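As they're listed, the protein sequences go chains A and B. Under the numbering used here, the first residue of the first sequence carries the number 422, and numbering increases by one thereafter. Under the numbering used here, the first residue of the second sequence carries the number 9, and numbering increases by one thereafter.
Rather than coming from a laboratory, the hints here were simulated on the basis of the structure. Any given hint could be a false lead.
Said to hold, decoys possible - Distance condition first, Cα-Cα at most 27 Å in a straight line; then the derived DSS-like pairs of lysine-lysine:
hint	chain 1	residue 1	chain 2	residue 2
1	A	Lys511	A	Lys628
2	A	Lys653	B	Lys63
3	B	Lys41	A	Lys653
Keep in mind that this is a model prediction, so the values were computed, not measured.
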Amino acid sequence: MPLSVEQKARYARHLMLPEIGEEGQVKLLHSKVLVIGAGGLGSPAAFYLAAAGVGTIGIMDGDTVDLSNLQRQIMHTTASVGTLKTVSAKTTLEALDPSIRIEPYPFRLTVENAPGILASYDFVIDATDNFESKFLIARACHEAGKPWSHAGISSFHGQTMTVLPGQTACYRCVFHEDGAPFGATPQGPVGALPGVIGSIQAIEAIKYLLGIGKPLTDALLTFDALNMAFRKVAVRRDPECPVCSC
Amino acid sequence: MKMITITLNGERTGIPEGSSVLDLLSIAGADRKQVAVVVNETIIRPADRSATTLKENDQVDLLVFAGGG
Numbered sequence: 422m423p424l425s426v427e428q429k430a431r432y433a434r435h436l437m438l439p440e441i442g443e444e445g446q447v448k449l450l451h452s453k454v455l456v457i458g459a460g461g462l463g464s465p466a467a468f469y470l471a472a473a474g475v476g477t478i479g480i481m482d483g484d485t486v487d488l489s490n491l492q493r494q495i496m497h498t499t500a501s502v503g504t505l506k507t508v509s510a511k512t513t514l515e516a517l518d519p520s521i522r523i524e525p526y527p528f529r530l531t532v533e534n535a536p537g538i539l540a541s542y543d544f545v546i547d548a549t550d551n552f553e554s555k556f557l558i559a560r561a562c563h564e565a566g567k568p569w570s571h572a573g574i575s576s577f578h579g580q581t582m583t584v585l586p587g588q589t590a591c592y593r594c595v596f597h598e599d600g601a602p603f604g605a606t607p608q609g610p611v612g613a614l615p616g617v618i619g620s621i622q623a624i625e626a627i628k629y630l631l632g633i634g635k636p637l638t639d640a641l642l643t644f645d646a647l648n649m650a651f652r653k654v655a656v657r658r659d660p661e662c663p664v665c666s667c
Numbered sequence: 009m010k011m012i013t014i015t016l017n018g019e020r021t022g023i024p025e026g027s028s029v030l031d032l033l034s035i036a037g038a039d040r041k042q043v044a045v046v047v048n049e050t051i052i053r054p055a056d057r058s059a060t061t062l063k064e065n066d067q068v069d070l071l072v073f074a075g076g077g
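Just chain B, same shape as in the assembly (with noise of 0.2 Å):
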């Protein structure tokens, strides 16, 4: 399987080629977070996240709800 690397929260990491940020959001564990997902600085709609396919060098962001005060 060839893999691409991203930036995933600062830190440079390795995922399969083709992968969607649903599939990332999977392999980061984070799929039953609430989060919200920056990709290069555009905030990726929780509708759009399968058709959403991310490419080499993206820089993805993945911001938790904290909701306390």
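Excised from the complex, chain A in its bound form (with noise of 0.2 Å):
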């Protein structure tokens, strides 16, 4: 279907750039995103995303907003705590874009949910603030061939990789679960550090639903935010990854 009149002028930006034109606009207002955590990385991620036009975006956090989120959640209010972010996040995503779909998902991924609420989604961004949930999300993706974006920050520093399962570096292939911290207290992080991360996932995000320009894959970024270093490491696949390998 042709754009309308109202989205040629709401996603003019887009339409001028040879990258991605009506095709591609018309490409994204088809696309459906799953984000997994509606907290620092996931607010700027589906900020993003919904202004992007994605026209289905899934939001799943299993907690309400609290004031110490504020400083850095920016999907939040302060007339928004107390109640779920999933609810926050669709009053304050539908209030930019009201017709982009926002799916709200009240609850935690689990192995027994995944399968059933990746299988509609055709990219995952990680935006989960624990290792728990990164590992899981890391096994699930893989079992359900979803590309995805995984994500992490602490203190001043953050770091990003793109996955692309079964053809990529994973994020167990790096990160191997007998040295992650689990229950570790977070450290921080400064308010707008989730912001340079969240967005990068929303860029590859918006990469990968158009099929232009390189994925982030088999390469972590790091971001040192008090030296305002980015650096690219590559990785190559573990020929043993017990995810990715089977």
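Now that you have both chains on their own, put them together as the hints suggest.
As structure tokens, this is what we get:
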């Protein structure tokens, strides 16, 4: 279906890019991205995906908004403190663009619910705040064959990588569960840090959905905010990875 | 003691010849931190760190576990 007059105006800056154009914008409008975690990373990621016109955005989070979240979780507001993050996110994103569809999942991803939920999405964003969820997403996306973006942040540094299951190095190739500091108390982070990393995740999703550019695969991008230094560390698949070599 | 030069997290660093990945973690003060180790793009699994000897000009990256979101 061609874009409406309103959509042509809304997405005008995309339409002038040869890499996107009307064809790409229609593709985005028909795309579905699942954002797991509606916190620091999930806020900018979902915000930019909604602004870009990604037609369906799933938001998964079982928590409610706490006042201490507002220092970095920009999808939520003072008025939404105490409400479910999925409800708050839906309100914010629909205010930005009422025509896109926001699917709320007010609970955590589990081994049991993952296959059914992941099946209908084109791309997954790991915006969770704990290692248990990150390792679970790595396994679930591999089993579902879903491309996804990993990210993690702490204090003044962050990292992100994109995974094409079965083709490129996965999170579990790089980080081993026996070394993960499960249950560790989160450090910070500085407020704007997830804005940097979550925005990169949104760009990776958009690139994948449009089939443009080179994805951040077989590499971990690290960001050190104190020294304003990005490093892209190349990594290869682990032939003995318990997730992606099976 | 003979030294070799490696690139550690993007910076040229001298370490004693014959050092293993485990030795390097100790030298770098990272032996008590949760890190992933990448040598020349290959991830060194925790169990293989003591048996992996570093060579001149190896490219080594220590990646910190960042679990926040």
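Okay, the hints, checked on the actual structure:
Taking the CA atoms of A/Lys511 and A/Lys628, the gap is near 24 Å; set against the 27 Å cutoff, the hint holds. Under the criterion of a C-alpha separation no larger than 27 Å, the hint pairing A/Lys653 with B/Lys63 is consistent with the structure, at around 22 Å. Only pairs whose Cα atoms come within 27 Å are accepted, and B/Lys41 paired with A/Lys653 is accepted, the gap being roughly 21 Å.
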